[in-house]
Structures are given as structure tokens and as C-alpha cells.
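Chemist: So the chains spell out like this:
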Amino acid sequence: MRIHETEVADTFAEAFAMRAARLVITADTAEWAAAAAQSVTGFATSIIGCKCEAGIEADLTPDQTPDARPGVSVLIFAMNEEGLGKRLVERVGQCIMTCPSTACYDGLAAESKVPVGSQLRFFGDKYQISKVLDGRRLWRIPVMDGEFLVDDRFGVQPAVGGGNILILGRDGRATLRAAGAAVAAMRGTPGAILPFPGGVVRSGSKPSARYKFLHASTNDAFCPTLRAVAPETQVGVDAGCVLEIVIDGLDLAAVETAMRRGIHAAAGAGALSISAGNYGGGLGQYQIRLHSLLAP
Amino acid sequence: MSLDFTLHTVPSVPLEADVLSTARLAGCTAKEAAKLVVVHGNQSAEVGEFFRVSGAAGGEISLTGDLSRVKLIGAGMTQGSIVVHGSVGMNLGAGMTGGEIVVEGNAGDWVGPEMSGGRIIIKGDAGHLVGSASRGSPAGLQGGEIVVFGNAGNEVGGGMRRGLIAIGGSTGDFTGVNMLAGTVVVLGQMGARTGAGMKRGSIVSMHPAEMLPTFTYACSYRPVYLRLYLLHLRRLGLPVSDQALDGSYQRWCGDAVELNRGEVLLLEPTQP
Numbered sequence: 001m002r003i004h005e006t007e008v009a010d011t012f013a014e015a016f017a018m019r020a021a022r023l024v025i026t027a028d029t030a031e032w033a034a035a036a037a038q039s040v041t042g043f044a045t046s047i048i049g050c051k052c053e054a055g056i057e058a059d060l061t062p063d064q065t066p067d068a069r070p071g072v073s074v075l076i077f078a079m080n081e082e083g084l085g086k087r088l089v090e091r092v093g094q095c096i097m098t099c100p101s102t103a104c105y106d107g108l109a110a111e112s113k114v115p116v117g118s119q120l121r122f123f124g125d126k127y128q129i130s131k132v133l134d135g136r137r138l139w140r141i142p143v144m145d146g147e148f149l150v151d152d153r154f155g156v157q158p159a160v161g162g163g164n165i166l167i168l169g170r171d172g173r174a175t176l177r178a179a180g181a182a183v184a185a186m187r188g189t190p191g192a193i194l195p196f197p198g199g200v201v202r203s204g205s206k207p208s209a210r211y212k213f214l215h216a217s218t219n220d221a222f223c224p225t226l227r228a229v230a231p232e233t234q235v236g237v238d239a240g241c242v243l244e245i246v247i248d249g250l251d252l253a254a255v256e257t258a259m260r261r262g263i264h265a266a267a268g269a270g271a272l273s274i275s276a277g278n279y280g281g282g283l284g285q286y287q288i289r290l291h292s293l294l295a296p
Numbered sequence: 001m002s003l004d005f006t007l008h009t010v011p012s013v014p015l016e017a018d019v020l021s022t023a024r025l026a027g028c029t030a031k032e033a034a035k036l037v038v039v040h041g042n043q044s045a046e047v048g049e050f051f052r053v054s055g056a057a058g059g060e061i062s063l064t065g066d067l068s069r070v071k072l073i074g075a076g077m078t079q080g081s082i083v084v085h086g087s088v089g090m091n092l093g094a095g096m097t098g099g100e101i102v103v104e105g106n107a108g109d110w111v112g113p114e115m116s117g118g119r120i121i122i123k124g125d126a127g128h129l130v131g132s133a134s135r136g137s138p139a140g141l142q143g144g145e146i147v148v149f150g151n152a153g154n155e156v157g158g159g160m161r162r163g164l165i166a167i168g169g170s171t172g173d174f175t176g177v178n179m180l181a182g183t184v185v186v187l188g189q190m191g192a193r194t195g196a197g198m199k200r201g202s203i204v205s206m207h208p209a210e211m212l213p214t215f216t217y218a219c220s221y222r223p224v225y226l227r228l229y230l231l232h233l234r235r236l237g238l239p240v241s242d243q244a245l246d247g248s249y250q251r252w253c254g255d256a257v258e259l260n261r262g263e264v265l266l267l268e269p270t271q272p
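Here the protein sequences line up with chains A and B, keeping their order. Under the working numbering, the letters of the first sequence match residues 1 to 296, in that order. Under the working numbering, the letters of the second sequence match residues 1 to 272, in that order.
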């Protein structure tokens, strides 16, 4: 299959079942909300090394937030509910509570909940105050600029992680240009985030290694420098660079929408070809076939 | 479907009508509802002696007329809604745990005694002791919301333990007296001795108030949680100003004769 001059491989992205939470961060200004969002989504690129994956879903206008202040919506993913709960307590406590003027609200209407504010409240050293409004319990934790307001519990729902596309280009500049176009098109997809820096990852991995102590290692099949030596190389002779975009979503449809937007944008920006990362279909619960995504 | 009660005979003395509640009228036909027993002074009577009843039960009740001598409307309510086209008497929504009561007129004393859930909206004024503990009772409002668009009398939220009371107008003396927790928001002015004996909880006003000497000024700041409350009240139709939403509040902590963990928040006037 081709889009413009770009070949789209007949393959699939292998994605996994995860658990996700949505944080709505607000602050006195959009800049401080963004600062907290950047911090809470930091070091959260891959579940392999970071224990969670996170990204900014959208900037929110005051009419979209519970306290009518500027805000940012953030999605955080982990492999199970317990792990996600721990990450939320760590990250909300260290990255949002610490940021001036912020508040943090649960952004999911999920039945399953994990304790967050009810854990962080102890920082208040018995000066914290609980408020219940319309059935929603919040904690007012005294801090040096006033109070940090946080929801008692945060919703957690089933989600999909590890959707991806691989963009193959003639050289680094051309591939970055195509990847940048793809990221711009994918960002803002409701319910989806791109957890890697700038939305792009160059060190794609495979879930195995020749070292026994490693669980994952470089995706040699897509390393152009290894085309001559990697036995299962997928890099054509005219490709000098491969960049991956990983997508996590609140559901499969969100991941597929983002992938579809990304493929079209990358193709329109001169990608040589587009492929996807999978592990033979034996690991992930979801197989997202690129040709099916693009079918009319 | 709605069960409609229209007052045709104004009671000469207070009428205790706790049967006028979705909890008691569930599944009743109009004929059955008219036969229910009320207490007129010290005499038993039937609903039909005072009300013309029509419609059918479906979780909604409509009451029309000047019911200012009718007590205990909505008592024990757990769900559904009651709309009163007129004024009501004492003890509206006593012991209710859910549902909503809307009164388009005024309400008598003791709105929501022993209430623990649901919402009461009074479009007019309310009497004394809104959401307050009954005499001898350890706690007042234990959950839910009472919203009064007009003024209210003394001892609003007295002894309340949880929930929200909002007064669109002004309140009398002893607002939040002996409060255990919960939130009282007064858009107008409060009378004397606000928060006397309060242990925890929040009393908020958009006007200056004379504080008791057992309250200590802490700081002036903009509490984010209050924005949620004020936005909630604005959605319910109370005239919450942008100044109230965005302004700074003086925080007074007290009452020092008790736990000293309550707060009174007073909106600071804008600088000219």
C-alpha cells in the first residue's frame, strides 16, 4: 500500500493492555499548569525503565477545568492498578504538589479508584482538611503558598499501550521532518498521548537481548547501521534513519485514530516508508494492522 | 408522572404532614394519597381534608398553595423530587437522605433537621436554624446541601457535621455556632458571634464580619477549594460574583475555646 510516495508495510503494531489515569492539573496561570504537567510526565517514557508511561493529552481552557483556571490534562499508564496507584502518589506528590498554585483533580469517570489525596494528605501533618462537595472528597493540604487541593481518589480504567509507527526516511533530517509532522498531527487526539521526548523515540527496542541480565535491547532490525549485519533487518538500502512514535490510549480507538493521523502526516512529509513494531504477535493483546487502519 | 397536591383549605393550626414525601407516597394513587393521615393541631385528619390530589406517583410530588403552616414536608425522603409552588412551614426535609426539594417561596424554621443527603433549595427566605441541630441533638446537618436564595435567620448550620449550606442573602446571629465540620457560605452579611464554639468546618462570607476574640487572623489568600464551591453554587443559580471567585479571603482560625481548627473566610474588599 502506498500513500503519495510512501510505502506502508503490510504489518501490525503490537499493543498491550494497561491501566490508565487522567490528571487534570490547574494553576493560576497556564505556564504554571504546564510546568507541573511537564514535571509529572517526566521520566515516564517506557514502562520498561520508568515504571509508567505518561504524556500531556491537552491544554485546557478555564471553562474545561473544575476550578475554572487554566489547566493541562495528563494521562499516566502502568501495567496494573496497584502500580499505577503508587506512581500517582509519587508523581502527584513530588511534581504537582510542589509546583506553585496548582491543584490536581481526577479526570476519569471510572468505577475503579485508587487512593491518591488520601495518601498525600499525611503531608499536612494533621493540619489537612477534607472537603466533600457533590459526593467528591477533596483534600486541602497546607503548603507555603496556601493550600494544595487534590482529589481523594483517582479513577483508573483499562487502556491500551504500545501502539506505534516506525517512520523510515532517507536521512536524519528528512525522517525528523516526517516524524515532526506526524507528532503534530497525532497530538491532541482525545484519550491518547505520545510518551517519548517530543513524541519521538530513536532507541526502539525488542523484548529480548543476548545479555541474560537484559529484558530489552536495541531494535537491530530497524537500525540502519546494522543493515549489513543484523540477520532480520527491515531497513532498505535507501533508508538512513528510522524513528518510532509510540502511542498510549485510553482505548483502542484512540490509539488507532492517532496512528492513522500520524501515518498520513508522515507520508505527506516525505517518509520513505512506514512500518510498525511487533513481536510476532505473541506478547501483546492487540494487533493493529496498518493496512486495516488506512482502509477506506 | 407527578402526584399533585393543591391546598384548598388553609390549616388553622400547624399541620404535621410528614406523609408528603416521596418516601411515603411511593406507589400511591391520588385516592390513596388523599386518605393518608396527617396531624392537625392535636387531631388526626386526612390529607384530602386540606389538599386536592391528582396525578399519579412517579417519584415526583408537586405542592401548590401557601403551606407555611404545613410542617415536615419531605420528611425521610430518600430519592425523587418535591416542588413546592408556595411557602412551607417548619422542618422541611427532616431526616432526608436523598432526592431534591425545591421551594419557590419561603421556608419556616429548621430546614433540614437531621438531614444527611440530598438537596433542598429555597428560592425565598428561610427562618432560623437552617441545617441546625435540633435542641438536645448532638449534630445538625450531616450531609447534603441546603441552598437558600434569600436571607436566613439565626444559627444557620448550628452543630452541623458535614455538607454544604449556602445562603444567597444575609444571615442572623450565631452563623455556624458549634459547627463540627462542613461548609457554610453566606453571600451577604452575617450577624454577630459567627462561628462561636466551632470545632472544625468553614464559614465563608463575602462581607466583613466582626470576629470573636477567640478567633485569630492567619493570612489573606485565595483558597482554590472555594472556587469549586462557588462555581457549584453559581451553577445552582446563586449570584456568585467574579470578585468572590477570584478575590482574596482573610482566614480566621477558631474557635480557640474549642479545637481551634475551624475557619472563617471573609472576602477582602477590592482596592479602589
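A few of these clues could be false.
Result set (EDC-like, lysine to aspartate or glutamate): computed pairs, CA atoms no more than 20 Å apart in a straight line [stated by the list, open to error]:
(1) A:Lys126 / B:Glu258
(2) B:Lys199 / A:Asp125
(3) B:Lys31 / B:Asp18
(4) A:Lys113 / A:Asp28
(5) B:Lys35 / B:Glu60
(6) B:Lys123 / B:Glu49
Hints listed in this document are in silico derivations from the structure and should not be mistaken for laboratory results.
Chemist: Now, for every hint given, state plainly whether the structure supports it.
Modeler: To see whether the hints hold, each was checked on the structure:
The straight-line distance between the Cα atoms of lysine 126 of chain A and glutamate 258 of chain B is roughly 16 Å, inside the 20 Å bound, and the hint therefore holds. For the given pair, lysine 199 of chain B sits about 18 Å from aspartate 125 of chain A by alpha-carbon distance, which is consistent with the 20 Å threshold. For a cut-off of 20 Å, the pair hint linking lysine 31 of chain B to aspartate 18 of chain B stands: about 18 Å separates their Cα positions. With a C-alpha separation of about 27 Å, the suggested pairing of lysine 113 of chain A with aspartate 28 of chain A is violated against the 20 Å cut-off.
For the proposed pair lysine 35 of chain B and glutamate 60 of chain B, the alpha carbon gap of about 19 Å is at most 20 Å, so the pair holds. Our distance criterion of 20 Å between C-alpha atoms is broken by lysine 123 of chain B and glutamate 49 of chain B, whose separation comes to about 28 Å.
The earlier numbered hints that this structure contradicts are 4 and 6.
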